[in-house]
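Visitor: Residues per chain are reported as follows:
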Amino acid sequence: METEKIIEEFMPLFAPKTVAVIGASTKGTALPNVFIRRIREFGYEGAIYAIHPTATEIDGVPAYKSLADTPEPVDYAFIAIAGAQIAPILGAAKGRLRFAQVISSGFGEVAEGLELQERLVEAARAGGTRLIGPNCLGLYTPRGKVTFTEIGSKETGTVGIVSQSGGLGTDIIRRGFSRGLKFSGLVTVGNCADVTPSELVEFYLADAPTRVIGMYLETARDGRRLFHILRNACASKPVVILKGGRTKQGQTAAASHTGSLAGDERVWLALSRQTGCILVDTLDQFIDVLLAFQTLTPRPRHPLKRVALFGNGGGTSVLATDFYARLGLDVTPFDQGTMDELAGLRLPPGTSITNPVDCPVGTLQQEEGRVAEKILDIMYRSGKPDALVMHLNLSAFAGRSKPEVLDNLVKAALRVQEHYPGQAHFLLVLRSDGEPSLEKRKRDFRAKAVELGVPVYDEMSNAGHALAALQAHENFLHRRAVPTAAAVRT
Amino acid sequence: MDSNTIIAEARRKGRAALDEAAGKALLASYGIAVPKTRVVKTPEEADAALQGLRLPVVVKVVSPEILHKSDAGGVQVNLASAEAVREAIRTMSALPRIRDALVEGWLIEEMAPAGQEMVIGGLLDPQFGPLIMVGLGGIFVEVLSDVSFRICPITRLDAEEMLDELKGAAILGGARGRKPVSREAIIDVLLKIGGENGLLMQNENDIQEADLNPVIVSDDGAIAVDARFILTHAEVAK
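Protein chains in written order, with this note's numbering: chain A, 1 to 490; chain B, 1 to 238.
One chain only, chain B, in its complex shape (with noise of 0.2 Å):
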């Protein structure tokens, strides 16, 4: 699916914002690595769902309703059977806040390896146009707010010097005894994302904000576990 066919069928249900399988659509139709997803809408389909995924999976509510899942109990992570992906979401689906939301499926995807996590966002910026950031994850980001903008498009020098600017930049290239992670794999999806040709040079009159978070960075690679996508407002857009 390209980009246009996945904003136009949100906008189509009405949707504020892309649920999770199809922001993550979204970033795959630019090159981006996602965990493979399924999607099922009863415990039962379980067992087929699961073929051709690695284990362990994670679990996660599909709901229009529901923007921050975790918070809502949403999320189980680990699950190593089809047996336990089915209890998850018996488990889940009773959960109060789960229980009076409009739930449209569940999401059911390979667990990332393990890595740094990152998180890369992107904004529409009423004077300057989309925005892109670039920040570590957790605490980083949440506490002490180490993130860098810049303006799209940015050019591969702008990338570099974004993670440059972090504070946490050495936490990349192995402080304390840490594995080094490919500042390679980053720069590229803030390429594939904020560049030239980017999903947000390409998609402005569509998305207002955009939350990857996070993206786990290996050695060798990057992927976007989670993904959020809110649109402009439908009169803004073309």
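Excised from the complex, chain A in its bound form (with noise of 0.2 Å):
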């Protein structure tokens, strides 16, 4: 479809100037109820409406009978009711009404509420409504200043997700909030029985603020439509695929060779290669890859190949390297020109530089912790990796060291990563025991540095994780040799 009708077509649903609820009670207690409150708070101003048969007002919002009657058309209706009522309202609509979302179950995920979902979508259809989910939560959109959760951030941000599951889509909007994902839109469409993750796909490629995309999904009924728009975008934009049921095996009834190979995992696999999107196993790993790419530029022209360590702590330097090297990511020594530079700052012993370079406590310690950017600053302009991970240990330096010790370090690399414009991605590695008072520091010291442009991860194989989708990405691009946005910014 082309850019700016698929805009046109969606950003109702991300920026609803009217939104109606239905299925709210005078009693203030149904899930449409706290859907009104939620929105205030987030700072909806548009008209809220509310569908009821008697009422003439809820919550302070106008109700009316039908859709029929609201004095403007409406853009998004969020609706928790019983199944079977949902389709006749809905009929009622008569082209009223862009986008239903529907939260309420009990249709297509049961056999019995098969014959009831597509009653659902032919009234939509009928009505000119386009309809989400159902069996969904909602949706949270900061620019339009609706959501379906009580945390997240008010900021539109750059990471678009669609996601089937309502539970785990709360769940990235939480994690992602504590992490420093910033949303240009979270969408839960739960059955798919009309909008498609492939569409919200192909609205977040057109989408001016979103930069990088996540798909949480389990069942992929149009999955020819997402490979041909996922093809034609040719990772324009990052996509990031969580994909549930992927180990099932293949058709049980195959009488090749080929039938009986083929599974889940190779389709998704052929999709990744052929699509560069990144295939993700773990809620973590999502976030840990849409926060790298939220934060770091792809750089086409030059993958990521060779990493540098940087931090306290030896066994975990030792532990990251292998990790490193079984995904990919090369970790070899700095060439003797290097090691001769680092040898001459005349470190306290204890201290190695090969890479990674692995620093004690005392030797971080000197001078407040700057000595660090004198090292960092060797690393960048001899060493020249095409990325650098800084791993503080913040239990090491409990007790031992100034509080601001850890500040001058983060500051200093991000001096010395000034010094050298698009040379390497930086990520910083925060560690802890969970310690409350360490935990804190952690969290403040993230929300700095996201708004800095670090990423900040909690262990090396977390950061780890995040550089192997990076560099698959930049592979792609380099292989196809796309000019894209992204490559024109390095």
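The hints are simulated quantities; they were obtained by calculation from the structure and are not laboratory data. Certain hints may be false.
[Unchecked claim] Computed spacing ranges between beta-carbons, pair by pair:
1) F177(A) with A8(B): 55 to 63 Å
2) H228(A) with R183(B): 21 to 29 Å
3) R156(B) with R143(A): 39 to 47 Å
Just so it is clear, CB atoms sit at the ideal spot from N, CA and C, and this is done for glycine as well.
Given two chains presented individually in distinct reference frames, assemble the corresponding complex, making use of the accompanying hints.
Guide: Written out as structure tokens, the structure is:
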């Protein structure tokens, strides 16, 4: 579909001017009542209507008997009412409702609900309404000031999400929020009876604020369409897919070798290889990878290969080197020239300068942490890695250094990063033992760092997965040699 | 014969799959090399059938009831004379699993030159449509499942990456003193099967599964020695 057309079609969903709720109770306890409260708190200032058989007002919003009676046509309706009542309500809208999100369940996800779902789709189509769901939780769109969750940034970000699971959608918003992810939108699509994940990906690809797309999928009935959309997009925006149910074996009735070897896993791998989308296995990886794409600018002209590690913790460095190697990241020692320069700093004994560069807390504390700047400068200028991971074990600093040492270390790293613009991706790993005061410090750091464009990870492995995804994306673009917005920015 | 005629003929006979001769005709119609082939009904036709074929030949049973010909004893190789062909047909006819089956004839074909065995497959996925698969033959496919899949249509770059993805890829380049085989020839077959105007895309309503097993690749070409095509259920087809 053309860019303007899909933006025009879906913008009323992402920035609705009028919202209706169906299923709000006069007692104020039903889900739609909560929804009214949430969007008001979130800052929604457009018209809100309730559709109710008898009430004239619910929770301070005017109520009407039918979607045909509202003063203005409705862009988005939040519907949580007994399943059988919905089709007639949608049927009465007669072109006056753009999007209906049906939260109610008991449709296509159970055998006895299949027919009800068909009737729902027919009623929506007849009324000119696009249906989202049923069997989902809602929508989170900071630009439209509409949300179904109580937590989440009010600021419009760059990460666009479509989730087939409502609960996981909530997790993505909440965990993403605490990790510094900022969303351009998140739609839970449930049974996908009408609007499909592929359509929303098409929207996000066309949508200017969105720079990275994440999908949680369980089934892809329109897999072929998804393939075409992603293939045509040629990874112009990174697409990260968390796919449930990938290990299911291939068709049991297969009569050929090919049939018996095919399985969901193979198809998704093929999709990833052909379109450059990134497959992840866990929610943590999903968020880790989205965070990398949100904060770092891919450099397809110079795909990521060499990674330098810098921080405190010898064992941590060794384990990370192994782990990164298995992911296809190259953590080889610096050449002699670089090591000679580092040796020239005359760092205290116990400091390793090969790559990984491993400094005990004593070394990092020198000059209130400013010695780190000298080390990092040599690592960048002479070592020229494609990515640098700085890891700090907060527990090892506890009680041994002034609080500003950590600040100084991170600031030093950012200053060095600025001296060598576009040279290396910079990631920060803040390790801690879960002790509350360290956790708080970590949280504060994380917020600051993400503002400055630095993704922060809990462990080396998390940062490794993020780097591997970035590498896959850069390699894909490099091999296809397609100029993208990202390439121009570099 | 074009692909529509070949498939329509099998549908008319109520077949769930193409027989080997029809499968090879289908491949030939897409420009894929197959061995020179004749079909005979009786051993007595062997002399005439061998005219114009290069010896030695292979003889295989043709029966809609026998899907796995080798398992039923229905394949004999390296036959160097008309007498040997006649004897092979008589011997195979007497085997219990062949005697009890509906035998439509015997396929006589030239033996392919030596080379690396590959498997190229196709599958109609209910969500993603036609898929193409490639792997090295023998244990690589059967024991190690060392294959790569792509969604059709594939591009040349896709075909190249499919080969690179195989764990046994080095063998194609001539690992351990072997002669390298023609990657170009494999890529050519992959594109003819799974490319934009390939066999799988143009027959996606009809072909449920395909196995070209083996495809023998030498340093200058690839030839599909055996081919099995399973048709979609008639009600799914147009």
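Visitor: Each of the hints needs a verdict: does it hold here or not?
Guide: For each hint, the structure was consulted:
1. F177(A) with A8(B): 55 to 63 Å: The hinted range 55 to 63 Å holds for F177(A) and A8(B), with Cβ atoms some 60 Å apart.
2. H228(A) with R183(B): 21 to 29 Å: 28 Å, holds
3. R156(B) with R143(A): 39 to 47 Å: Taking Cβ atoms as reference, R156(B) and R143(A) lie about 42 Å apart, which means the hint holds.
Comparing the model with each earlier hint shows no violations; every hint is respected.
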